[in-house]
Amino acid sequence: MKAAASSSSLAMPKIRPSRILAWTLLFIGGVIMVTPLLFMLSTSLKDASQVYDLRVIPEAPTLDNYIEILGDGRFTRWLINSTIVAMIVTLSNVFFDSLVGYTLAKFRFRGRYIVFIAILSTLMIPTEMLVLPWYLMASQFGWLDSYWGIMFPGMMTAFGTFLMKQFFEGVPDDFLEAARIDGLNEFTIWWKIAMPLVTPALSALAIFTFLGNWTAFFWPLIVTTSAELYTLPVGLSSFAVEQSIQWEKIMTGASIATLPTLIIFLFLQRYIVRGVMLAGLKG
Amino acid sequence: MSAVSHREAASGGLWSRMSLGQKQVIWAWSFLAVPLVFYVVIRFWPTFQAFYLSTTDWTITKPAAFVGLENYWRLFEDPLFWQVFRNTFLYLILGTPISLLISFVVAYYLDRVRFMHSFIRALYFLPFLTTAAAMAWVWRWFYQPVPIGVINDLLSSLGVPQQPFLRSTTQALPAVLAPAVWAGLGFQIIIFLAGLRAIPVTYYEAARIDGLSEGAILRKITLPLLKPTLVFLVVFSSIGFLRIFDQVYNINTNDPGGPLNSTKPLVLMIYQTAFSSYEMGYAAAQTVVLFVILLVISLVQLRLMRDR
Chain A
47 MKAAASSSSL AMPKIRPSRI LAWTLLFIGG VIMVTPLLFM LSTSLKDASQ
97 VYDLRVIPEA PTLDNYIEIL GDGRFTRWLI NSTIVAMIVT LSNVFFDSLV
147 GYTLAKFRFR GRYIVFIAIL STLMIPTEML VLPWYLMASQ FGWLDSYWGI
197 MFPGMMTAFG TFLMKQFFEG VPDDFLEAAR IDGLNEFTIW WKIAMPLVTP
247 ALSALAIFTF LGNWTAFFWP LIVTTSAELY TLPVGLSSFA VEQSIQWEKI
297 MTGASIATLP TLIIFLFLQR YIVRGVMLAG LKG
Chain Y
8 MSAVSHREAA SGGLWSRMSL GQKQVIWAWS FLAVPLVFYV VIRFWPTFQA
58 FYLSTTDWTI TKPAAFVGLE NYWRLFEDPL FWQVFRNTFL YLILGTPISL
108 LISFVVAYYL DRVRFMHSFI RALYFLPFLT TAAAMAWVWR WFYQPVPIGV
158 INDLLSSLGV PQQPFLRSTT QALPAVLAPA VWAGLGFQII IFLAGLRAIP
208 VTYYEAARID GLSEGAILRK ITLPLLKPTL VFLVVFSSIG FLRIFDQVYN
258 INTNDPGGPL NSTKPLVLMI YQTAFSSYEM GYAAAQTVVL FVILLVISLV
308 QLRLMRDR
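First to last, the sequence lines map onto chains A and Y. The first sequence begins at 47 in the numbering used here and counts up one residue at a time. The second sequence begins at 8 in the numbering used here and counts up one residue at a time.
Since the hints were made in silico from the structure, they are not lab data. Nothing here was measured: the structure is a model prediction, and the numbers come from that model. Note that the Cβ used here is the ideal one computed from N, Cα and C, for glycine as well. Check before you lean on any hint, since a few could be wrong.
[Claimed, not checked] Away from chain Y, derived, C-beta distances all over 10 Å, residues of chain A:
(1) Tyr-148
(2) Phe-208
(3) Val-280
[Said to hold, decoys possible] Computed Cβ-Cβ distance ranges for the label pairs, DEER-style:
(4) Leu-243(A) to Tyr-210(Y): 28 to 36 Å
(5) Glu-212(Y) to Arg-65(A): 18 to 26 Å
(6) Leu-243(A) to Gly-75(Y): 49 to 57 Å
(7) Trp-52(Y) to Phe-73(A): 50 to 58 Å
(8) Ala-71(Y) to Phe-73(A): 24 to 32 Å
(9) Leu-71(A) to Val-303(Y): 56 to 64 Å
(10) Lys-227(Y) to Glu-215(A): 28 to 36 Å
(11) Leu-225(Y) to Gln-292(A): 47 to 55 Å
(12) Pro-266(Y) to Met-170(A): 54 to 62 Å
(13) Tyr-59(Y) to Glu-215(A): 35 to 43 Å
[Stated by the list, open to error] Once the Cα atoms are required to be at most 25 Å apart in a straight line, the calculated DSS-like pairs of lysine-lysine come out as:
(14) Lys-152(A) to Lys-234(Y)
(15) Lys-238(A) to Lys-227(Y)
(16) Lys-152(A) to Lys-238(A)
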């Protein structure tokens with residue numbers, strides 16, 4: 047209230063027609079943005095006879111498509127696969143990227159700069175260039191068609207390491223020094239003292255890694271050959287091909303692949319938006 | 008103290024005789040040990056291997072033999088490569104400016120909106136959280152002819168003739184690009200919003216006192232101060248469009264990259280060369296070309312944006 051009183055002309059501008067127009071246009075644009083998602087969801091709730099009726103609100107909504115597709119078992123399997131893969135890769139990145147970021151930010155030792163530049167330089171290498179050697183490696187070690195085969199290329203990332211290094215540099219040395227005097231070992235100092243101070247960055251890293259792995263298509267498509275090991279995007283793609291033109295089934299599959307991240311977003315919107323901003327500005 | 012005495016016991020007194028600095032060095036390298044193995048084995052070694060493989064005639068069935076630069080000569084004489092090269096740059100040249108223009112305009116006005124701000128922001132952001140492979144199927148459905156295709160239905164109700172979209176060699180590429188632009192907007196808007204917010208309010212206040220118009224403030228204050236954000240987004244989205252794959256592959260599974268290769272990007276050509284034709288050496292040469300393109304584009308853009 048104080049701010050409003052002191053600068054009332056700035057805080058409470060008159061509602062001008064141009065502002066109402068801008069708001070309306072933004073709103074319409076936003077509705078257009080979610081239209082594909084609305085159509086996807088609405089069609090997933092229709093039976094085959096209603097698909098040609100393009101009304102957004104289904105006349106007789108039904109969960110039959112979901113019951114049929116989830117009852118088939120394959121989608122449940124792919125959901126589990128995607129969840130396991132995305133979770134493990136995320137945990138690994140949160141652990142190792144921040145460990146390396148912390149070491150590079152807070153320790154003074156010969157070779158530190160070289161290690162940093164070496165890790166950073168891998169950002170210039172596109173995944174596509176590494177895919178063939180990874181495939182060769184995976185086939186030699188028998189990693190094709192396994193969780194480890196899907197996961198191993200992404201267990202650590204230069205992006206995450208760089209992001210975490212930036213944030214650990216903002217942690218005051220005094221905190222760490224005090225812990226050292228208290229006799230804590232370096233691992234405990236990192237885990238118990240430094241990590242809690244960078245939770246916003248950790249959540250940003252976790253969100254990005256999870257989303258990236260949940261939606262990943264190219265490498266899982268290459269490394270998996272049996273349907274039991276498909277991740278959700280690869281499974282959905284093969285499922286949609288075999289459904290040919292049964293759009294209500296395809297839209298149900300697409301909804302199953304999309305809804306988990308959308309629902310998580312509804313609960314964590316504040317953190318996710320802040321995380322994207324943090325990663326974008328510092329990364 | 009217990010941790011220290013435990014350490015002394017474990018390393019037989021050697022540890023206790025070390026200086027704090029020496030202990031720090033040992034801690035640092037022990038923290039880095041596993042990650043360094045990872046980066047060497049999973050990043051550096053494969054990088055060199057990719058360069059090496061690009062000079063071999065490796066296929067799945069026969070062992071690799073050195074063929075020099077033959078794969079590269081073959082690639083540069085391959086008309087498909089130049090078609091794919093053209094497509095890849097069309098994705099970049101259309102996608103980056105269009106998506107950045109839309110997202111900047113939205114962010115610029117959304118920044119001033121207070122009423123239902125986070126709700127409207129969420130509407131724009133939601134597509135970013137979707138799976139590209141899934142969304143390609145939704146858009147594929149939209150592009151179908153009547154009576155099933157949503158867009159053609161809308162067009163026919165407006166009296167506009169039917170459009171072939173994915174069946175046309177000229178319309179297919181923009182049609183494939185649309186979902187990629189759509190899904191990326193939310194991210195760009197959020198980054199622009201963060202950049203706009205980082206500009207100190209005092210600059211605007213000073214400009215208003217000096218009597219600058221809104222347009223002049225945009226040109227003289229907002230855009231110049233937004234340059235770091237802009238550089239980041241241009242590089243980030245350019246790389247994204249140059250590496251487009253998921254949408255293209257899924258939007259036309261009968262003939263990925265079709266019709267007549269008119270939507271095929273470089274990554275799809277790489278995938279098909281490696282995993283449909285099994286010409287791994289040839290595919291490796293294509294990945295090296297992709298690497299060089301990405302490198303040149305990022306360096307040129309960084310230089311251009313820095314000089315201006």
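**Message:** Holds or violated: the 18 to 26 Å window for the beta-carbon distance between Glu-212(Y) and Arg-65(A)?
**Reply:** holds, 19 Å
**Asked** Taking only the CA atoms, is the gap from Lys-238(A) to Lys-227(Y) under or equal to 25 Å?
**Response** violated, 47 Å
**Message:** Within 47 to 55 Å: is that where the Cβ-Cβ distance between Leu-225(Y) and Gln-292(A) falls?
**Reply:** Given range 47 to 55 Å: holds, Cβ gap about 50 Å.
**Prompt:** Looking at Tyr-148(A) again, its CB stays over 10 Å from all of chain Y?
**Reply:** violated, 8 Å
**Item:** Supplied distance hint 56 to 64 Å, evaluated on CB atoms of Leu-71(A) and Val-303(Y)
**Value:** Once the Cβ atoms are compared, 38 Å apart, the range 56 to 64 Å for Val-303(Y) and Leu-71(A) is violated.
**Asked** If you draw a straight line from the CA of Lys-152(A) to the CA of Lys-234(Y), is it 25 Å or shorter?
**Response** violated, 30 Å
**Message:** Checking a non-interface call: every C-beta of chain Y should be farther than 10 Å from the C-beta of Val-280(A). Is that right?
**Reply:** The assertion about Val-280(A) is violated, with a minimum of 8 Å to chain Y.
**Item:** Restraint status (C-alpha distance of Lys-152(A) to Lys-238(A) at most 25 Å)
**Value:** holds, 15 Å
**Asked** Holds or violated: 24 to 32 Å for the Cβ distance of Ala-71(Y) and Phe-73(A)?
**Response** Hint violated: Cβ distance 58 Å, outside 24 to 32 Å.
**Hint check for Met-170(A) and Pro-266(Y) - Cβ pair distance inside 54 to 62 Å** = violated, 35 Å
**Distance rule for Phe-208(A), whose beta carbon must clear each one in chain Y by more than 10 Å** = The assertion about Phe-208(A) holds, with a minimum of 13 Å to chain Y.
**Message:** Can you tell me whether the CB distance of Trp-52(Y) to Phe-73(A) sits inside 50 to 58 Å?
**Reply:** holds, 52 Å
Taken one by one, the earlier hints fail for this structure at numbers 1, 3, 8, 9, 12, 14 and 15, listed in ascending order.
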